[in-house]
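Trainee: Please arrange chain A on chain C, whose structure you already have, making use of the hints.
Chain by chain, the residues run as shown.
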Amino acid sequence: AQKVTQAQTEISVVEKEDVTLDCVYETRDTTYYLFWYKQPPSGELVFLIRRNSFDEQNEISGRYSWNFQKSTSSFNFTITASQVVDSAVYFCALSEAIQGAQKLVFGQGTRLTINP
Amino acid sequence: EAQVTQNPRYLITVTGKKLTVTCSQNMNHEYMSWYRQDPGLGLRQIYYSMNVEVTDKGDVPEGYKVSRKEKRNFPLILESPSPNQTSLYFCASSLERGLGQPQHFGDGTRLSIL
Chain C
37 AQKVTQAQTE ISVVEKEDVT LDCVYETRDT TYYLFWYKQP PSGELVFLIR
87 RNSFDEQNEI SGRYSWNFQK STSSFNFTIT ASQVVDSAVY FCALSEAIQG
137 AQKLVFGQGT RLTINP
Chain A
3 EAQVTQNPRY LITVTGKKLT VTCSQNMNHE YMSWYRQDPG LGLRQIYYSM
53 NVEVTDKGDV PEGYKVSRKE KRNFPLILES PSPNQTSLYF CASSLERGLG
103 QPQHFGDGTR LSIL
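Protein sequence lines correspond, in order, to chains C and A.
When the letters of the first sequence are read in order and numbered with this note's numbering, they come out as residues 37 to 152.
When the letters of the second sequence are read in order and numbered with this note's numbering, they come out as residues 3 to 116.
These aren't lab readings, by the way, just hints derived from the structure by calculation.
Bear in mind the structure is a predicted one, so any value in this text is a computation, not a measurement.
Heads up, some of the hints might be wrong.
What the hints assert, rightly or not - Sample of chain C residues facing chain A (criterion: CB under 7 angstroms; computed from the structure):
| hint | residue |
| --- | --- |
| 1 | L81 |
| 2 | F142 |
| 3 | G145 |
Glycine included, C-beta positions come from ideal geometry on N, C-alpha and C.
Here chain C stands alone, though its shape is the one from the complex (with noise of 0.2 angstroms):
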């Protein structure tokens, strides 16, 4: 069955400090989706990338960045210079593909603070 490990269950940082979110997966597929979605204090989930299991580039997008390595079964998750705004609970996502739909196995999440 797939499986999504964030080991890390809280991490607490101060403003600016670059910090880094891990995720590991489980899958026998060799088609497969990760997905990242940021979860604030006001409770939504927030999505805020995706990639393909064909895609090995790593991504990034202003102060985010993401690491995939199929090697090591990993899709990191930086953060760099790290805001207040960015405390959040972050959640990996792995796709499983059941009778032909998509289910989303989601890791435990890691509570990320960022202290002024």
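Mentor: Just chain A, lined up with the frame of chain C:
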């Protein structure tokens, strides 16, 4: 504005009193699903629907029912709620059911069953 709307956002109720959480999307999405979020467990899928009148169980369907009579609506029904169903619930939709489709989530419904 494209959105997934859940109601209510918050509900405190008692064991055994039937309740329905509504979910509606205005994007003409084919695929809809329900998840529950619990501390330390992330989000787990309860039910999903690939189209009108087509629904199937996810990982944690016990104690829940759903229906998909119209494309835009996918209500979650708790016939006889119990305290272990206290959780944060999310409805999600995507244009198609295939792999890689970004899912759009509602704002969540926090249920407390006393």
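Trainee: All hints are to be evaluated individually against the structure, with a verdict given for each.
Mentor: Consistency of the hints with the structure:
{"no.": "1", "hint": "L81", "in the structure": "holds, 4 angstroms"}
{"no.": "2", "hint": "F142", "in the structure": "holds, 4 angstroms"}
{"no.": "3", "hint": "G145", "in the structure": "holds, 5 angstroms"}
Going through the hint list in order, the structure satisfies each hint without exception.
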